[in-house]
Each structure stands twice: as C-alpha cells, then as structure tokens.
Amino acid sequence: MKNLFSARAAAIAILVILSLVVLFHLLVLSGVIPYGIVWGGRLTSPEQMLRFETVSITLNLLMLAVVSVAAGWLRLRVNQGLLKVALWLMTGLFALNTVGNLLAKTDLERLVFTPLTLVLALCSWRLALGPTKAAAGMEASA
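Using this note's numbering, the letters of the sequence shown map in sequence onto residues -3 to 138.
Simulated from the structure, these hints should not be mistaken for lab results. Ideal placement from N, C-alpha and C gives every residue a C-beta, glycine not left out. Check each hint, because a few of them may be wrong.
Said to hold, decoys possible - Between beta-carbon pairs, the in silico distance windows are: (1) Arg4 <-> Arg47: 29 to 39 Å; (2) Val12 <-> Leu104: 14 to 24 Å; (3) Leu58 <-> Leu23: 12 to 22 Å; (4) Gly96 <-> Val12: 16 to 26 Å; (5) Thr50 <-> Leu16: 15 to 25 Å; (6) Ser41 <-> Gly126: 37 to 47 Å; (7) Leu85 <-> Pro111: 20 to 30 Å; (8) Asn(-1) <-> Val28: 34 to 44 Å; (9) Thr54 <-> Val108: 20 to 30 Å; (10) Ser2 <-> Ser41: 36 to 46 Å; (11) Leu58 <-> Gly96: 17 to 27 Å; (12) Gly126 <-> Lys101: 33 to 43 Å; (13) Asp103 <-> Arg73: 38 to 48 Å.
Construct the entire structure; sequences and hints are all you get.
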C-alpha cells in the first residue's frame, strides 16, 4: 500500500473529500438538499435529520483535524498512539460506511458515496500504516 501512493497524496485526498462532505452535509442541514436522500433514506423527521447531520459534521471536522495533524499541517501536540488509533478507527469507519452505502436505498449513496468512502478507507489505511509527520516533527525538535 505504501508504494501505491504517498502519505501526502492520501492526506490531500482525505482533506479534499471530507471538506466536500462537510459542505454537502451543511447543504442538507440548510434544506438545499433534501434529507430523504441521505442516511440510507431512513431519516423520518427534520429533528432526526438535525441530530444525524450535526453528528456527521462534527465527526468530519474531527477527522479533518486528525489528518491535518498527522500530515504535519496542523501543529498540535497530540499523543502519537492516539493519532494512530484515530487513523485506524477512520479506516474501519470508512470501510463499514462503504458497505452501508452499498446497501443504501438511494442511488446517490450507492453510486456516489460508495466509491468516495472506499477511497477514504484506502487513504486512511495508507496514513495509518506509516509514520505521521507530527511524529517526525516532534522527533526532530527533541
């Protein structure tokens, strides 16, 4: 996996995709995109949509921060073990989400979000396999 694409390329791909996903969820939250086409078409009320979308946006922003720290672009002191665990959790989350998207009721989730979550899973896996820039930067300053 390490030889297929660089950690930098994986980090950039994750940041671009997750930024677009946050924008998408903000559009759902604002009503521009109908909530019936997200979450497998299973949301039943605006209140339920608000809860799910708020959690989704928060998690995506957290994952953007994790990747930014791992890539060395956001300089925060973070335990490297915790960072690795977060990257592996992201890998698992995106892999499971890929399966969920395959089983979704809506074509949008099956045809658009399945490949996106698969790319996110592979890129997260790539970052989880290697050393983080945050670790390299901390070792260099020690």
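For Arg4 and Arg47, compare the CB-CB distance with the range 29 to 39 Å and indicate the outcome.
With Cβ atoms ~36 Å apart, the hint holds.
Within 14 to 24 Å or not, the Cβ separation of Val12 and Leu104?
With Cβ atoms ~19 Å apart, the hint holds.
Is the gap between the beta carbons of Asp103 and Arg73 within 38 to 48 Å?
Holds, since Asp103 and Arg73 (Cβ atoms, about 44 Å apart) stay within the stated range.
Does the Cβ pair Gly126, Lys101 satisfy 33 to 43 Å?
37 Å Cβ-Cβ, so the 33 to 43 Å window holds.
Taking the CB of Ser2 and the CB of Ser41, does the distance hold inside 36 to 46 Å?
holds, 44 Å
Okay, Thr54 versus Val108 on CB: inside 20 to 30 Å?
Check passed, 22 Å falls within 20 to 30 Å.
Holds or violated: 16 to 26 Å for the Cβ distance of Gly96 and Val12?
Between Gly96 and Val12, where Cβ atoms are some 22 Å apart, the hint holds.
Are Leu58 and Gly96 spaced within 17 to 27 Å by their CB atoms?
holds, 19 Å
At the C-beta level, are Leu58 and Leu23 separated by a distance inside 12 to 22 Å?
holds, 20 Å
If you check the beta carbons of Thr50 and Leu16, does the distance land in 15 to 25 Å?
holds, 18 Å
Is 34 to 44 Å a correct range for the gap between the Cβ atoms of Asn(-1) and Val28?
holds, 41 Å
With respect to the beta-carbon atoms only, verify the hint that Ser41 and Gly126 lie 37 to 47 Å apart.
About 43 Å separates the Cβ atoms of Ser41 and Gly126, which means 37 to 47 Å holds.
The structure is consistent with each of the numbered hints, conforming to all of them.
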